[in-house]
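Asker: These are the residues of each chain, in order.
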Amino acid sequence: MSQSKSASILDARILVPAIGGAFRKLDPRTLIRNPVMFVVAVVSLLTTLLFIRDLVIGGGDLGFTLQIIIWLWFTVLFANFAEAVAEGRGKAQADSLRKARTETQAKLLVNGGDRSKFKLVPGTSLKVGDVVLVEAGDIIPSDGEVIEGVASVNEAAITGESAPVIRESGGDRSAVTGGTQVLSDWIRVRISAASGHTFLDRMISLVEGAERQKTPNEIALNILLVGMTLIFVLATATIPSFASYSGGYISVTILVALFVTLIPTTIGALLSAIGIAGMDRLVRFNVLAMSGRAVEAAGDVDTLLLDKTGTITLGNRQATEFRPAKGVTEQELADAAQLASLADETPEGRSIVVLAKEKYGIRARDMATLHATFVPFTAQTRMSGVDIEGSSVRKGAVDALLAHVNRATVAAHGTRPTSDSIRDLQAIADEMAKAGGTPLAVERDGRLLGVVHLKDIVKGGIRERFAELRKMGIRTVMITGDNPLTAAAIAAEAGVDDFLAQATPENKLSLIREEQAKGKLVAMCGDGTNDAPALAQADVGVAMNTGTVAAREAGNMVDLDSDPTKLIEIVEIGKALLMTRGSLTTFSIANDVAKYFAIIPAMFAVFYVAPGQAAGPLQALNIMHLATPQSAILSAIIFNALIIIALIPLSLRGVKYRAIGAGALLSRNLLVYGLGGIIVPFVGIKAIDLIVTALGLA
Amino acid sequence: MTINGWIQILVYCSILLLLVKPLGGYMYRVFSGDRTLLSPLLAPVERGLYRLAGTSEKEEQHWAVYATGMLLFNLAGFLVLYALQRLQGALPYNPAGMSAVEPGLAFNTAVSFVTNTNWQNYGGESTMSYLVQMAGLTVQNFVSAATGIAIAIALIRGFARASGKSIGNFWVDLTRCTLYVLLPLCIVLTLAYVWLGIPQTFGPYVDATTLEGAKQTIALGPVASQIAIKMLGTNGGGFFNANAAHPFENPDAISNLIQMLSIFALGAALTNVFGCMVGNQRQGWAILASMGVLFLVGVTVCYWAEAAGNPLVHALGIDGGNMEGKETRFGIALSALFAVITTAASCGAVNAMHDSFTALGGMIPLINMQLGEVIVGGVGAGFYGILMFVVIAVFVAGLMVGRTPEYLGKKIEAKEVKMAMLAILSLPLAMLIFTAIAVVLPGAVASIANGGPHGFSEVLYAYTSAAANNGSAFGGLSGNTPWYNITLGLGMLMGRFLVIIPALAIAGSLAAKKTVPASAGTFPTDGTLFVGLLVGVIIIVGGLTFFPSLAVGPIVEHLAMIHGQTF
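Sequence order for the protein chains is A and B. Here the first sequence stands for residues 1 to 698, numbered as in UniProt numbering. Here the second sequence stands for residues 1 to 567, numbered as in UniProt numbering.
Treat each hint with caution, since some may be false.
[To be verified] Quick list of in silico lysine to aspartate or glutamate cross-link-like pairs, EDC-like style, CA-CA up to 20 Å: (1) K471/A to D526/B; (2) K518/A to E413/B; (3) K471/A to E569/A; (4) K214/A to E413/B; (5) K165/B to E57/B; (6) K520/A to E57/B; (7) K434/A to E493/A; (8) K514/B to E569/A; (9) K514/B to E493/A.
[Unchecked claim] Taking beta-carbon pairs under 10 Å as the criterion, some of the chain B residues facing chain A (in silico): (10) L211; (11) G213; (12) K215; (13) I218; (14) I392; (15) F395; (16) F546; (17) G553; (18) M561.
Bear in mind the hints are in silico, worked out from the structure with no lab data behind them. The beta carbon of each residue, even a glycine, is placed where N, CA and C say it ideally should be.
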């Protein structure tokens, strides 16, 4: 799917099939889903029938009527085309996904735990609960959960990412997706989705828009559009009677032309394309929304719950400072700390080596030449270090190291270390914890040297992102397992609005409920099984693709890249979707002003013509000075049809969201789409009128 | 236009603005059930009435129950008023010996007063007995006004409440409005009017001998008390046929000022009640500001058109503005101002003949009504009317800030949009469809006095006035025919109840919703941006709906006049 990201909005591979799609969508059963365009089709059909009647019995201005009819049908076709283009982009992605869904043979385990006894069955015949064996080179036949084994899996078919990922039983990385390939080792998988209901199937139908249902906001907007249409039915249906009172006559063709230009065809035509494009933008972003509703909810989010690690801070702590104990130099501490970390391949260990080099110029030494043996970290000792020719250096959690020093001193001298040095060390450690850091004590041969300050490094630029979110009216809450002191320090540094320290699945869930009780919409992301209840409770729950099956089932979006920072972009995409709808609705309605000034004088010019005058008094309303009544009406209807085509790129791309505050954003959009919507058609209709007249069309 | 004229208009606006807060604050306390200055006197009466009616102020109603109560009450009011008119010959307080009103007219009049329209296809002094005027018409003047205010309060509760099932109690709102708001104010106003010389008597008509020795019958009656509620309740039904142009209804500039103020007073104060109830008075001021912008534009155009006069008359060597159909004691400025006020609110009282206005001057009252009388509007009706436009404005604009639309923390969703569109649709439905039929129906066309576009305006004005529940007549149209009596009556019913019921449905739906706290992402609805937006939506939606009808009416008439053509 990564290759499709580069596909431009208007790609011939999409546009050409979309033309066929535009005609196929003339099927009334499809059209009825879009009430405004359905009405246009009905009146177009009516005019066509009247035209055929006139053709047979003679009468009417056939050339003019024919042109109107052609443009009426174009209006419908352009709307269908817009939808077909939007769907076409999804279809291209669906096709590439379908390739992954090839027929596979599954190794169905007959006898539960025994790996050697399996029979080959078609992947489509698997039922939920079946256990299959997948070995290196096999395609995983369906979605499931790893119940035994570890394997590296290529998930490029789903995520577009070619680097393999590890899938293992237990923990948060147990979910596997049908259609992905095991590269090494073997796993036993319990199937969790029947054929046709797999993640891949769902993805295909989502990107294709096959399961697309109107979202609540779309339904409400449709009601508004139907209401506007009814208002214009009243406004135009009463005109013949007004005309007859005024001593004139208006043909059905002209009335239909007026009616079609007045009803909100522009937004009516583009509404579903906007919706499809919104989902599509998420897909391009490697996020799958399980429903359009979720995308809308994303735009409305008031509170974002963000996990500290990986989202707000870099995944790992880093050494930032050496704080020596009394009577110890910084150099001495740095030297010991570096020695203890030489063989430590953890990011924390490496960061100590780097800091020692950068700050104190201590070069990396070779373990072998030093004749040093590495003492690795264990859960029991909670320390690591090196032993060098009878001397030992250790670093570790403060309490663990103190206990170790205590033991060592008692063993060597029969006395405890001085309480002074312990108090000193403890004070430094406390201070660091208060500032949000993790203290790491260092000792050499029972002597306390000092503390290394390990710090959570807040991601660059995250503070600005949060400020931006605040401007969008979104409150950010950091979720962390740290103690409140540490959490508060990091929260202050990162600029989040609030934090939840020592978070458990339970208090996470109750935090969401609390926010929702205040009427707020909450978004969060999660991957673990214990995140599932919170993911389900949140209005926007983004499950990481690396997560468990339970998490993926509970969320209403899945992030294929498993990048929790994406929540912020998801919110922006939701907002852009809503904004595009609102802006084009405003534009569509504002357009009507110019259309009235084009058509009303043309229709009513023949009324109350004073003796000796060529046209009636209402000709004065022809402020655009359109050439003739026919050219005026024709220009209006041509403009009305062409504007649909002209706005397809905007509706697919979406109106960009800017975090400049709601008031400023609204005035900006009102200026562009409201005022612009009033002015543009005046210019457009006049230009078309000049062309129409020059070509002698009317 | 003169400086003097503008000073009078500005004086009016200033006094009105000063009234908004005290009156709004008082009404807020009344409808919240708080103690007021009048409580010691009226609370026992109020409790007695509830006991009599078998209800209690603690009893809250679901919106459907509220609506049913309102409909039944109005139906009963209609039946009583219809019966009173049909039977007036046999009933007391009939010194002029009026006979029964014929069925079509009685239907039209009963509907007219129940719907707060007060369209009058009759001349009061020549048709109605004192009993019908007082026990029938004046009673409806009170309760139809109270009904409107009650609905507005119920709708405001919808916005103010969160996760609730009920929107108040119709009987309680109706009683409180009548007892605490309308009655006390009317007593004060009546006394003022009597002091200014407006008659208030049960005595028979007086015969006078004129200077030429001719005998003239001078109609009298309990006028002052009816005028008080006629204006305050935006009813507008005059005691006399000439309405507020009649010297006994509106003797001088002071009475004119008081009457204009009382037309707008309660409607304007309701915006403050709204602000108080939703906990942010600026929200109310923003809505009043939107109304104010539309109002001032209307006044300017109307005053300008009337002051400019008719170029064809100027060509004859007669200078000055258009004084045709105006009272010299009010002049052009106050006639234009009154015309705009009475049609902006759904009052319909007139102190000049709108039919005689210039084409553009007469178009303003027409537009005011076509917009649904949301510029301050009828008591209550104007407020729930403008909230329908607010729902639409917020729905479209709200999307443009990238959130699903919300107003005062309430999500505006499919149901609210549906109901608001229904309410907005009901007006053009009644106004345009009936006009379209009437202008091609030979029998109906025969009632039109003038030809051409002016005659068209007369019919359009009649149906517009009926559906908007205004009641003012353009004049020139002989409306007392079966066709007009029935269709105008239907128009009034549609314009009233097809708006009220959706409004209550919205109230119920909103009350049940949670209130979303405002954030930097919600667009502020208490600033100039919102005012501009709301004005824009009202003008565009209203303008688009009615542009064709205005084009073949006043607009073409005006353009023809420039070309020297009159009708």
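Asker: Should the hint that G213/B touches chain A count as held when the rule is a Cβ pair under 10 Å?
Answerer: violated (48 Å)
Asker: What's the verdict on K471/A and D526/B, does the C-alpha distance respect the 20 Å limit or exceed it?
Answerer: holds (19 Å)
Asker: Classify the hint on K215/B as holds or violated, based on whether any CB of chain A lies nearer than 10 Å to its CB.
Answerer: violated (44 Å)
Asker: For the pair supplied as a hint, K434/A and E493/A, confirm whether the alpha-carbon distance does not exceed 20 Å.
Answerer: holds (13 Å)
Asker: Report holds or violated for the interface hint on I218/B, using the least CB-CB distance to chain A and a cut-off of 10 Å.
Answerer: Interface hint status for I218/B: violated (41 Å vs cutoff 10 Å).
Asker: Regarding the hint that I392/B lies at the interface with chain A, is the smallest CB-CB distance below 10 Å?
Answerer: Because about 7 Å separates I392/B from the closest Cβ in chain A, which is inside the 10 Å limit, the hint holds.
Asker: Are K514/B and E569/A close enough, with their CA atoms no more than 20 Å apart?
Answerer: Roughly 27 Å between the alpha carbons, so the hint for K514/B and E569/A is violated.
Asker: Per the CB criterion, is F395/B less than 10 Å away from chain A?
Answerer: Where the cut-off is 10 Å and the nearest Cβ of chain A is about 6 Å from F395/B, the hint holds.
Asker: Take the shortest C-beta to C-beta distance between L211/B and chain A; is it under 10 Å?
Answerer: violated (46 Å)
Asker: For the pair we were handed, K514/B and E493/A, check the Cα-Cα distance against 20 Å.
Answerer: violated (34 Å)
Asker: Take the C-alpha atoms of K520/A and E57/B, compute the straight-line distance between them, and say whether it is at most 20 Å.
Answerer: violated (33 Å)
Asker: Given G553/B was flagged as interface, is its beta-carbon under 10 Å from a beta-carbon of chain A?
Answerer: holds (8 Å)
In terms of the numbered hints stated before, the structure departs from hints 6, 8, 9, 10, 11, 12 and 13, listed from lowest to highest.
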